[in-house]
Amino acid sequence: MYPYGLIGNCQAAALVKETGSIDWFCAPYPDSPPLLGRLLDPDGGHFSVSLAVPPNGEVTSVQYYLPNTNILVTTIHGDEGAISITDFFPRFEQYGRMYRPISLFRIVEPISGTPRIQVSCRPVDGWSKKPVPPVRGNSHLRFDIGDNPLRLTTTMPLTHLAEGSAYGLKEPAYFALTWGLGIEQDLKETARDFLAKTTNYWRTWVKHCSVPAAYQVETIRSALALKLHCYEDTGAILAGVTTSLPEELGATRNWDYRHCWLRDSYFTLSALHKLGHFEEMENFLKFLLGIVHTRDRLHPVYRIDGTLPLPEYEHAEWAGFGNSRPVRSYNAAATHVQNDAYGEMLLTLAPIFFDERFYHLRVPEHEKLVEHLATHCAKSIGVPDAGLWEFRDGGMENSFTNMMCWAGLDRTQKLRQLGFLPGITWDVAGELERAEQRVMAAVVEGSIRNGPGDPSFNAALLQAPMLRFGDRKLAEGTIDAIWKGLRSAVDGDGSAFLFRYRRADDFGVPQSAFVICSFWWIEALAKVGRIQQARQEMDAVLKATNRLGLFSEHFEFKHHKQLGNFPQAYSHVGSINAAFAISPSWDEIL
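Position one of the sequence shown corresponds to residue 1006 (my numbering), numbered consecutively onward.
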C-alpha cells in the first residue's frame, strides 16, 4: 500500500511519506515539473525530517489526519525519544477571499525523551533532476529555480539544516517552504496562526457536507481528498496530483494524471453535488465555457489553464517508481476522439435547470452551451472513437459513448419539455431513439457489451442503471454478466474487485483491478434493489485504502497492493457515490 498522505490547499499539493519525508511537490502549478520528486527517483529531491538514531536503533512511525481536516500528523518513535511532524498548506478566508499560498508548513515537536533530528531539504530543478544548491540567508535557505526562488524559512539553526547534522530538539521547530516570497513575519506565530485557521476552515467545510448515515468517516476522508483535486484558480478538476505511478510494477502503463479530464470532472461534480458543495461546479462551468469557446470539438483532457497537455514527454533519466519506466509528463490522450464527453458535460450542467438552487445560473450563455453540447451528442451517435479507456490503437463504435449520448439527449429532451433550450430546432426525440438503438445493438444474451462489433465486457456499462438506461431486467443482466466476466478473483473477497476490461489493448492484457469499477458495481446493485449484497461488497472494497483511508487508481488483490496514480479522484468519487447509494436514511439511524 502506498505509504503516503496527501496535503494541499486547492492551489498546491504534496505527498508526505509515513517516515516524515515529503517526496512529491510540484510548483508553481500541480502539473509543473517536480521540485521534490523522490517518489519517482531516489535522486529526485526530498524534504525529510528524521530521527538521528544510534547504530542498530529502531524507529517506528504512524501517520494520521487531524479529524475532518487535510492536516497530516506523522509521529516518529526512536530509542532516544519521539517527535511529531504536523504538515499542511494554509487555506482560509482572509480579506474577503480565499488565502491559499504555495507555502508548505511543517511543525516539528518533541513528544517524549530527548530526540535528535536530522533535516534535509534537497530540491531539484524539475525534470532535469539537477540538484539546486542552497544560498544561505539570515533565517532561511534559498534555492534559485527558474524565475522564482524556493525558500525554506526556519527557526532551526541553519548550520544544522545546511549540513544535515543532528540537532537536539528541545522545543518545537518551525519550517515554511515557500515559492516566491518568503515569510517576513515571526515564523512561530505565523505557523500557529495559520494552523488554527486552516483547521477551522476544513472542519467548517466538512460541517457543511451532507454525508450518508453509514460510512461517514470514509465519506468525509474521500470528500476532503476530492476537494484537493479542485484547482480553484481556474476551476479545473485534476484526475490526480501525481504522474507515472505504474498500473503494473516494472511495466510501461505509467501516465501523467495531473490534468483535467472532462469525464472525471463529471463524476467528481456528481459526488460533490451529493455532498452539498456547489461552488466547484460554478468554477468548473467557467473553465468549460473557456475551452468550448476556443475549440469546436471537445478534447477529453486539458491542462489546468485550458490548453492541451501536448506533446507527451518521456524522461529517460528518471528511474520511475519501483523502476517502472518511462516517467511521463503531459498526456497524448488529448489527441483522442472520445465522444462520451458531450453526454457527460450535459449531465454536469443539467442541475442548473432542474435544481432551483441554481436559478442564478440560468442565463442565455449557459443555455447556448447546453444546446452546443446536445448538438454534438446527436452527431456522435454510432461514431467510432477511442472510448473512455483511451485505447491508442484506433477507434471503434463504443456502447458507453452511445449510452452517454443517450443520457445527454434524454436530459436535453426533459429540459425542452420544461421550456428551456429554445435554440434547438432539430428532432431530439428521434436522435434519442437512434442512440437507444445503437446501445441495444450491442446486447448479447441479455447484457450490454462493449460495442455492436465487440461482445467483450466493459465495466463502464455498470453505469446503465445509474443513467436510467433500459429496464431492470437489462440492468441486472448487464451488471451480473460484467461481474462474472471481469472480477479479479474467482472466489473470496477479491471478487469485489473488477478489471475495466480483459481484452488486450496497446500494452497487453490489464493485470490489476480498477478501483472505481468496484464502486460502480456496488452502486448498480443498490439501484436494482440488492442493498444487502451491495453493503457486503462495500466492506470488501474499503480494504483497498491505505492506512489513511486514501485510494489509488488500481488495486492488485492477491498481494494487497495499491497501483496507479495516487490518490486518485476517480476512486474517491466512487466511494462517495456508493456510500450514498447503500446507506440507510438518517431516519433509520437517529
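For the record, the hints were derived by calculation from the structure and aren't laboratory data.
Possibly wrong hints are sitting among the right ones.
To be verified - Below, in silico cross-link-like pairs of lysine-lysine (DSSO-like), each with a Cα-Cα straight-line distance of 30 Å or less:
#1 Lys-1022 - Lys-1566
#2 Lys-1419 - Lys-1384
#3 Lys-1134 - Lys-1022
#4 Lys-1212 - Lys-1202
#5 Lys-1419 - Lys-1212
Quick caveat: nothing in here was measured; it's all calculated off a predicted structure.
Hints versus structure:
1. Lys-1022 - Lys-1566: holds, 17 Å
2. Lys-1419 - Lys-1384: Holds, because 19 Å separates the two Cα atoms, which is no more than 30 Å.
3. Lys-1134 - Lys-1022: holds, 20 Å
4. Lys-1212 - Lys-1202: Holds, at roughly 15 Å.
5. Lys-1419 - Lys-1212: violated, 34 Å
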